[in-house]
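Colleague: Numbering (our numbering), first residue to last: 4 to 823.
One should not assume that every hint holds.
[Said to hold, decoys possible] Here are the simulated lysine-lysine pairs, BS3-like style, with alpha carbons at most 25 Å apart:
{"id": "1", "residue 1": "K607", "residue 2": "K726"}
{"id": "2", "residue 1": "K607", "residue 2": "K778"}
{"id": "3", "residue 1": "K785", "residue 2": "K769"}
{"id": "4", "residue 1": "K197", "residue 2": "K222"}
{"id": "5", "residue 1": "K460", "residue 2": "K489"}
{"id": "6", "residue 1": "K586", "residue 2": "K317"}
{"id": "7", "residue 1": "K802", "residue 2": "K769"}
{"id": "8", "residue 1": "K586", "residue 2": "K778"}
{"id": "9", "residue 1": "K786", "residue 2": "K802"}
{"id": "10", "residue 1": "K778", "residue 2": "K802"}
{"id": "11", "residue 1": "K607", "residue 2": "K653"}
{"id": "12", "residue 1": "K726", "residue 2": "K679"}
{"id": "13", "residue 1": "K547", "residue 2": "K489"}
{"id": "14", "residue 1": "K216", "residue 2": "K197"}
{"id": "15", "residue 1": "K489", "residue 2": "K586"}
{"id": "16", "residue 1": "K653", "residue 2": "K546"}
{"id": "17", "residue 1": "K607", "residue 2": "K586"}
{"id": "18", "residue 1": "K653", "residue 2": "K769"}
{"id": "19", "residue 1": "K460", "residue 2": "K440"}
{"id": "20", "residue 1": "K786", "residue 2": "K586"}
{"id": "21", "residue 1": "K317", "residue 2": "K261"}
{"id": "22", "residue 1": "K778", "residue 2": "K653"}
{"id": "23", "residue 1": "K607", "residue 2": "K547"}
{"id": "24", "residue 1": "K607", "residue 2": "K786"}
{"id": "25", "residue 1": "K546", "residue 2": "K489"}
{"id": "26", "residue 1": "K786", "residue 2": "K769"}
{"id": "27", "residue 1": "K460", "residue 2": "K317"}
{"id": "28", "residue 1": "K489", "residue 2": "K440"}
{"id": "29", "residue 1": "K785", "residue 2": "K802"}
[Unchecked claim] Now the in silico label distances, taken between C-beta atoms and shown as ranges:
{"id": "30", "residue 1": "G719", "residue 2": "T550", "range": "51 to 57 Å"}
{"id": "31", "residue 1": "P6", "residue 2": "T403", "range": "30 to 36 Å"}
{"id": "32", "residue 1": "R765", "residue 2": "D483", "range": "35 to 41 Å"}
{"id": "33", "residue 1": "P6", "residue 2": "P399", "range": "49 to 55 Å"}
{"id": "34", "residue 1": "D453", "residue 2": "A801", "range": "30 to 36 Å"}
{"id": "35", "residue 1": "A402", "residue 2": "D455", "range": "51 to 57 Å"}
{"id": "36", "residue 1": "T550", "residue 2": "A770", "range": "33 to 39 Å"}
{"id": "37", "residue 1": "Q410", "residue 2": "P509", "range": "45 to 51 Å"}
{"id": "38", "residue 1": "R529", "residue 2": "A329", "range": "24 to 30 Å"}
{"id": "39", "residue 1": "R274", "residue 2": "S409", "range": "47 to 53 Å"}
{"id": "40", "residue 1": "E129", "residue 2": "Q302", "range": "29 to 35 Å"}
Rather than coming from a laboratory, the hints here were simulated on the basis of the structure. Cβ atoms here follow ideal geometry from the backbone N, Cα and C, with glycine treated the same way.
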Amino acid sequence: MSPSPAECAEVLRRQIDEAGKAYHERDEQLIPDADYDRLVRELEALEAAHPDLVQADSPTQRVGGKASSRFAEVRHAVPMLSLGNAFSDEEVQDFVRRIGERLRRDALYFSAEPKLDGLAISLRYENGRFVQGATRGDGATGEDVSANLRQIEVIPQSLAGEGWPQVLEVRGEVYMARADFEAYNAQARLHEGKVLANPRNAAAGSLRQLDPKMSARRKLSFYAYGTGQVQGGELPATHSATLAQLRAWGFPVSDLCKVVEGSDGLLAYYRDIGERRDGLAFDIDGVVYKLDDRAGQEQMGFVSRAPRWAIAHKFPAQEQTTTVEAIEIQIGRTGAATPVARLAPVAVAGVIVSNATLHNADQIARLDVRVGDTVIVRRAGDVIPEVVSVIADRRPDGATPWRMPSQCPVCGSEIVREEDAAAWRCSGELSCPAQRKEAIAHFASRRAMDIDGLGGKYIETLVDAGIVRGVADLYRLTRDQLLQLKLVLDAESPEALAAQIGLHLPPEGSGEYLRRILQLDGTDDRWRAQALAMPAAFTWNTKKIATRWADNLIAAIDASRDTTLERLLFALGIEHVGESTAKALATWFGDLELIRQLPWPLFKRVPDIGGEVARSLGHFFEQAGNQDAINALLQVGQVRITDTHAPSAKLREGLDFAQVLVESEIPGITRLRAEKLVAMLPDAAAVLDAEAVRFVAAGLPNEVALGLANWLDSDGHGPMLFKAEQCRQQLLARAPEQVEQVAGPLDGQTVVLTGTLAQMTRDEAKARLEALGAKVSGSVSKKTAFVVAGTEAGSKLAKAGELGIEVWDEDRLVAFLAQH
4 MSPSPAECAE VLRRQIDEAG KAYHERDEQL IPDADYDRLV RELEALEAAH
54 PDLVQADSPT QRVGGKASSR FAEVRHAVPM LSLGNAFSDE EVQDFVRRIG
104 ERLRRDALYF SAEPKLDGLA ISLRYENGRF VQGATRGDGA TGEDVSANLR
154 QIEVIPQSLA GEGWPQVLEV RGEVYMARAD FEAYNAQARL HEGKVLANPR
204 NAAAGSLRQL DPKMSARRKL SFYAYGTGQV QGGELPATHS ATLAQLRAWG
254 FPVSDLCKVV EGSDGLLAYY RDIGERRDGL AFDIDGVVYK LDDRAGQEQM
304 GFVSRAPRWA IAHKFPAQEQ TTTVEAIEIQ IGRTGAATPV ARLAPVAVAG
354 VIVSNATLHN ADQIARLDVR VGDTVIVRRA GDVIPEVVSV IADRRPDGAT
404 PWRMPSQCPV CGSEIVREED AAAWRCSGEL SCPAQRKEAI AHFASRRAMD
454 IDGLGGKYIE TLVDAGIVRG VADLYRLTRD QLLQLKLVLD AESPEALAAQ
504 IGLHLPPEGS GEYLRRILQL DGTDDRWRAQ ALAMPAAFTW NTKKIATRWA
554 DNLIAAIDAS RDTTLERLLF ALGIEHVGES TAKALATWFG DLELIRQLPW
604 PLFKRVPDIG GEVARSLGHF FEQAGNQDAI NALLQVGQVR ITDTHAPSAK
654 LREGLDFAQV LVESEIPGIT RLRAEKLVAM LPDAAAVLDA EAVRFVAAGL
704 PNEVALGLAN WLDSDGHGPM LFKAEQCRQQ LLARAPEQVE QVAGPLDGQT
754 VVLTGTLAQM TRDEAKARLE ALGAKVSGSV SKKTAFVVAG TEAGSKLAKA
804 GELGIEVWDE DRLVAFLAQH
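Kindly generate the complete structure, drawing on both the sequences and the hints.
Modeller: Listed below in structure tokens is the structure:
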């Protein structure tokens with residue numbers, strides 16, 4: 004049995020009241036604005052069809068919500084009314100037609116203004132001084148928020164100019180600019196404070212703080228858009244002139260306000276502002292049209308809660324409700340793991356949305372998004388849709404909190420969280436197809452393997468074509484493939500490619516190949532990769548194609564086969580491993596075969612390598628795919644390391660099992676406690692076989708002993724510790740006995756290079772300085788011994804002057820290097 008009109012009306016009123024109370028009184032948004040507007044329009048239509056259902060307290064008969072009991076009430080001398088809404092061109096045309104018919108005018112002029120998404124307020128001035136400010140409340144009674152409004156710098160405390168009325172009420176909107184909103188939330192996340200939901204809630208919540216100092220911390224702004232009570236003076240005869248007068252008296256007024264004629268002018272303004280919307284400094288949800296002349300406004304009058312001479316023309320909803328069907332992980336080019344919500348498709352701002360970003364795991368935890376939840380989704384212009392909030396009341400039974408998966412969905416490698424950061428990354432840098440292009444580009448870069456001529460476009464197309472699936476495939480590229488690649492990239496269409504490539508095919512047997520090229524869809528960007536993937540027998544016509552660049556690239560690839568351990572380690576693209584870390588690893592360990600087997604705690608034996616970098620190295624080498632990629636590089640001499648050597652003798656210093664325990668960062672295990680433990684349990688096997696009671700007997704406090712037992716049983720720590728002890732023994736066996744080393748003339752000194760050198764490259768200067776014991780840094784500090792300044796030296800030279808650090812020119816550097 005269908006519900007009666009009265010029952011439908013009651014349900015609609017209850018839904019509207021619940022959403023309105025949360026929005027106006029608690030600054031919470033239970034449903035998107037579009038859903039709220041839809042409910043109101045349904046109730047309006049129902050009441051219009053059944054006038055006997057209209058009630059005095061119906062949401063269609065009142066404005067806003069009740070004033071909060073936390074603030075003193077303010078009775079508005081002139082009610083702060085709401086506006087009717089238009090959602091289509093036809094409704095705007097009807098609005099203009101009704102005014103024209105009532106006023107019997109053909110030419111109508113309107114003040115068109117942006118509709119800010121903030122909080123409406125009224126400012127009362129007496130004899131030019133601000134005396135009181137109030138929220139709109141229910142339109143008749145608002146909240147006294149004068150103290151908080153005084154914290155907004157752009158609201159004048161005293162009026163400028165002259166000629167203002169004895170009593171003047173200025174109506175306007177308090178809002179938070181997008182940049183201020185983002186800056187506030189960035190600080191809140193940094194200090195683990197409350198993150199604001201959106202700029203509108205931020206503005207409303209700020210004005211409702213009982214402590215004005217809290218309001219002052221949130222930078223708010225204000226635009227005036229009209230007036231209320233006016234006594235002891237007169238305002239101009241048009242709304243636009245009134246806004247100009249308010250600006251002269253010191254009030255901020257939007258530069259986007261404009262006078263236009265008729266419905267054509269209004270709709271043109273609407274479309275113009277709509278196109279500019281996403282670039283504005285503040286949020287708007289539509290535009291407002293007001294009949295410009297006051298005499299016409301008075302003739303038009305009011306309906307129950309809105310003027311007949313003004314209307315809000317809403318933009319397509321940027322927020323909608325939908326349900327989360329799944330939460331999946333998307334791996335970016337650099338390995339960043341971004342959670343994405345798969346949604347039941349919904350139209351948002353004129354576009355069907357089925358996916359929305361959840362940014363990171365911390366954001367999911369803040370919102371508590373779960374599969375099955377009903378959520379509010381927002382889309383602004385070309386911005387990727389995002390989940391704004393969860394409607395908790397609609398959560399299905401059994402919905403469980405989401406957890407970041409432990410493995411990459413693309414390659415199966417471990418997903419790890421960066422230390423002290425919200426980001427998670429796939430650790431399969433070399434083996435993950437999602438990171439393939441970025442990994443290859445880094446591998447070939449000048450400071451890595453230095454494969455000159457292998458540009459980004461070449462890599463992109465070679466990977467898309469499936470010719471290069473990993474870095475080892477670079478060493479299998481042929482001249483034919485490169486020449487075909489150049490033709491493919493230069494062609495504007497399959498037809499153009501067929502015409503060019505036909506010049507380089509044998510006359511017999513090439514028809515089928517050309518036919519397949521011509522069948523490719525030139526409107527799909529993938530056609531070039533598809534063409535490159537098609538094998539063909541070429542007889543290159545060297546008069547019609549340049550070949551030297553391809554020969555040079557093949558030569559550059561061949562030249563990179565013989566490389567240093569330092570370069571190769573940097574080329575692998577391990578997270579947090581830059582050139583200096585790669586150099587340190589090569590210097591201290593000397594052998595890739597040794598390095599790739601080490602558990603992460605042993606990397607901390609290298610000076611300047613801390614826990615974050617060590618764990619990153621460990622995660623990288625733990626991934627089977629990365630090890631396979633290294634094997635492929637080293638197979639059959641594709642890449643040869645020319646400077647393999649024994650581990651540094653310095654590694655022997657302090658490298659005992661107790662130190663391995665300390666480096667493993669076991670909770671509560673200090674050096675002293677590790678020594679006590681090793682005195683009773685001398686190796687990893689003994690520690691792994693022992694119960695917590697043995698740890699206590701060795702001198703550990705109860706809680707530390709239990710913590711150690713739990714640590715050994717979780718997350719693979721036990722096997723890792725056993726392997727670390729084995730590798731420690733190998734290092735001791737392979738590292739030579741400590742020998743006395745002659746200190747270089749720059750041992751322990753930090754040097755900075757800046758500007759352009761004429762007699763050598765910066766890289767050559769750096770290498771020669773490091774050979775003399777110097778540490779070459781990229782920044783100037785009090786610890787810098789001296790700065791070498793070439794031509795066009797900039798801020799580093801200036802900083803050296805400020806700190807009084809010695810500066811060498813290039814001639815002095817060359818003389819010093821010649822001497823040593």
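Colleague: All hints are to be evaluated individually against the structure, with a verdict given for each.
Modeller: Hints versus structure:
no. : hint                       : result
1   : K607 with K726             : holds (15 Å)
2   : K607 with K778             : holds (19 Å)
3   : K785 with K769             : holds (20 Å)
4   : K197 with K222             : holds (16 Å)
5   : K460 with K489             : holds (10 Å)
6   : K586 with K317             : violated (60 Å)
7   : K802 with K769             : holds (20 Å)
8   : K586 with K778             : holds (11 Å)
9   : K786 with K802             : holds (13 Å)
10  : K778 with K802             : holds (18 Å)
11  : K607 with K653             : holds (13 Å)
12  : K726 with K679             : holds (21 Å)
13  : K547 with K489             : holds (13 Å)
14  : K216 with K197             : holds (16 Å)
15  : K489 with K586             : violated (36 Å)
16  : K653 with K546             : violated (60 Å)
17  : K607 with K586             : holds (15 Å)
18  : K653 with K769             : holds (23 Å)
19  : K460 with K440             : holds (10 Å)
20  : K786 with K586             : holds (21 Å)
21  : K317 with K261             : holds (17 Å)
22  : K778 with K653             : holds (18 Å)
23  : K607 with K547             : violated (57 Å)
24  : K607 with K786             : holds (23 Å)
25  : K546 with K489             : holds (15 Å)
26  : K786 with K769             : holds (18 Å)
27  : K460 with K317             : violated (44 Å)
28  : K489 with K440             : holds (18 Å)
29  : K785 with K802             : holds (10 Å)
30  : G719 with T550: 51 to 57 Å : holds (53 Å)
31  : P6 with T403: 30 to 36 Å   : holds (35 Å)
32  : R765 with D483: 35 to 41 Å : holds (38 Å)
33  : P6 with P399: 49 to 55 Å   : violated (24 Å)
34  : D453 with A801: 30 to 36 Å : holds (32 Å)
35  : A402 with D455: 51 to 57 Å : holds (55 Å)
36  : T550 with A770: 33 to 39 Å : holds (35 Å)
37  : Q410 with P509: 45 to 51 Å : holds (49 Å)
38  : R529 with A329: 24 to 30 Å : holds (26 Å)
39  : R274 with S409: 47 to 53 Å : holds (50 Å)
40  : E129 with Q302: 29 to 35 Å : holds (30 Å)
When held up to the earlier numbered hints, the structure conflicts with 6, 15, 16, 23, 27, 33 and fits the remainder.
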